[in-house]
Amino acid sequence: MSLDSVLLGFEVALQPVNLVYVFVGVFIGTVIGVLPGLGPTATIALLLPLTYTMDPATAVIMLAGIYYGSMYGGTITSVLLQLPGEAASVVTTIDGHQMALQGRAGPALGIAAIGSFIGGTVSIIGLMAFAPLLSDVALSFGPPEYTALTLLGLLLVTYLGTRSTAKSLVSAGFGLFLASVGQDPVSGTTRFTFDSIALTGGLEFVAVVMGLFGIGEILHDLERAGGATMTSTRVGRLWPTVRDWAQARGAIMRGSVVGFALGVIPGGGGLISSLASYAIEKRRARQPERFGKGAIEGVAGPETANNAAATSTFIPLLTLGIPSNVVVALLFGALLIQGITPGPQLITTHPEIFWGVIASMFVGNLMLLLLNIPLIGVFVQILRLRASVLGAITVVVSVLGVYSVNNNPFDMWVVLGSAVAGYLMRKTGFPPGPLVLAFILGPIMERSFRQSLIMSDGHLSIFATRPTSAAILALAVVLLGWSTLKGARKPWQRLRAPAGG
Amino acid sequence: MTGQEPRTDDPAASRDGRRAGGVVTLVLAAAGAVLASRLPLGTLTDPGPGLWPLAVALATALASLAVIVTDVPDDYEGLAGGGRRIAVAVAAVAVLVVLFTTAGFILSGLACFVFWLRFLGRESWRLTAIVSAGGVGVLYVLFALVLRVPLPPDLVAGLWEA
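Chains as they are written, first to last, in the numbering used here: chain A, 1 to 501; chain B, 1 to 162.
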């Protein structure tokens, strides 16, 4: 990392157009973070068509802003209403809402905003320091390493993020299969197109994501009646006291490190890092019984960690070209649409994107800190937006947006089919996230797998004889073995449990 | 994000749905394997277009078997009486797509907004009218005029221009 690179980043991030879009991104992110039901994944999918006309750096700056902005927004409803606007804020409901009930909503939100800013900033510094090093290492990777790495990434996502590993694997399998629809990248033969010209180019990524996450989520929400009960909207004084700060300081520092580290791991990110931070703080506390009753460390640590993780999840994307979770997969898709393939070369071929996006995160975090403190009351009012209005807008924007990608009516039917699939997956416990991630990683995986076989004259041993791919695959095998054993033990444990237990 | 919501506890639905997910995905994966095997598979030295999808389909079938064995009933949500509403909503989106390509965005968008707000959401006519007109207006300006997306021929815009 040189000072020139960092300066280039800030030069890009501080351009007026990028300042406007980072503001738009973090503002939309905060709003959808507040709204339960529409998460960052669905929102980014809905807004992808709007980014086609933008400069690539501007597009990613705005979409990234939505992602980390949603982490801030989710905190507000978690504290005030015990209602996490998005998954990573679930942990904050425990102590944050207790603080609100004790009339301390202000300090809870204040410390969360400050912690998020510090976590985000620490993570940006980490990103600046480590990402170029990792890029250098990744430049020596060949097809076998990429095959192993994408496989490990997929396995980690299925293992870390969900309840049932087997169901996540099935979901990922369908994602890989759907990615193979269309023209074979090597021979040009068409696959699974059923003689339809519309399918020759493959299934449109935006259509699949909009269906699974946009309309699929809305259909799922149609069944759920009722809304949030506003228990307390009184925020009061936001600035934490000296005592609050003394209690939260350590949690913020540890949360920054934990969030950064877990964000880098594929499948990691907001939820896992906030859970880990909460567990660490509770274990370290002199009076662990305070947790669950309004301990400020229980808000400061997880909120810092989820924001730090949201930033460091960009490391695998920007350096290896491998998205580590679904939201980042959408950013990967946004760059592909712009004709840019993220990977180790990005830092040299498009330094303005690499460093501009990183610097914009610092600007965005600062904006969020300044936005959140005076505007918390305004954001809470957004909860008055009715689910039916949100549903109608999502449906119409999805159909119109996907048409605007290729002007192809067939894509609208893909949205509808994916929406029904997304709804059924939610009803039956199959997570749609691994499907989308596999859909994005599918072509990289297939190409590198086939290239590896050609390189080795058909010997699968190539994956085991090259040290890096062997080490990555060994990790994947251990992980798969462990989760299989864990899954297989569950039914036996239930059978052995006493009746009614 | 999704996939983390607590599941509703509906024992009847759980009994009905249990293992159904794994069986359906097994059938789909098997169908995928059959389709893939009809493509040239090539050899390991020179892999054909069918080899990768066949491997993926077989791995998915294997994972589906694991789902059938390890699945738990509380992973399934009951329909909670919402099945008909979902079917109607899906049909509404299908009508939107058909209308969009035949009559253009303005009419199809208005119809979808009105149906979703008034009939699915049971909102007042006043709110329905305001949100529908405002929503379609903003989206038309954004996509057709600002982003210049070539939308299908529009009946309403045509009448307006005439």
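To be clear, the hints were calculated from the coordinates, so they are not data collected in a lab.
If you're wondering where the values come from, they're calculated on a predicted model, not measured in any experiment.
Be aware that a few hints might be false.
Below, a sample of chain A positions facing chain B; criterion: calculated Cβ distance under 10 angstroms [claimed, not checked]:
| no. | residue |
| --- | --- |
| 1 | S180 |
| 2 | Q345 |
| 3 | T348 |
| 4 | F430 |
To be clear about the criterion: a stretch of chain A counts as covered by chain B if any three or more of its residues have a C-beta under 8 angstroms from a C-beta of chain B, and this derived list gives those stretches [said to hold, decoys possible]:
| no. | segment |
| --- | --- |
| 5 | 379 to 391 |
| 6 | 449 to 456 |
| 7 | 466 to 479 |
The C-beta atom is built at its ideal place from N, Cα and C for all residues, glycine as well.
A quick look at each hint next to the structure:
1. A cut of 10 angstroms between beta carbons decides the hint on S180 of chain A: the least distance to chain B is about 4 angstroms, and the hint holds.
2. At a threshold of 10 angstroms, the smallest CB-CB gap from Q345 of chain A to chain B is about 25 angstroms, leaving the interface hint violated.
3. For T348 of chain A, the suggested interface contact is broken, since its CB lies about 31 angstroms from the closest CB of chain B, more than 10 angstroms.
4. Hint status for F430 of chain A: holds, given a least beta-carbon distance of 6 angstroms to chain B, under 10 angstroms.
5. Counting residues of the segment 379 to 391 of chain A whose C-beta sits closer than 8 angstroms to any C-beta of chain B gives 5, which meets the bar of three, so the coverage hint holds.
6. Given as covered by chain B, the segment 449 to 456 of chain A passes the check, having 4 residues with a CB less than 8 angstroms from a CB of that chain where 3 are the minimum.
7. With 0 residues having a Cβ less than 8 angstroms from any Cβ of chain B, the segment 466 to 479 of chain A misses the three-residue criterion, and the hint is violated.
The structure is inconsistent with the numbered hints 2, 3 and 7, although it conforms to all the rest.
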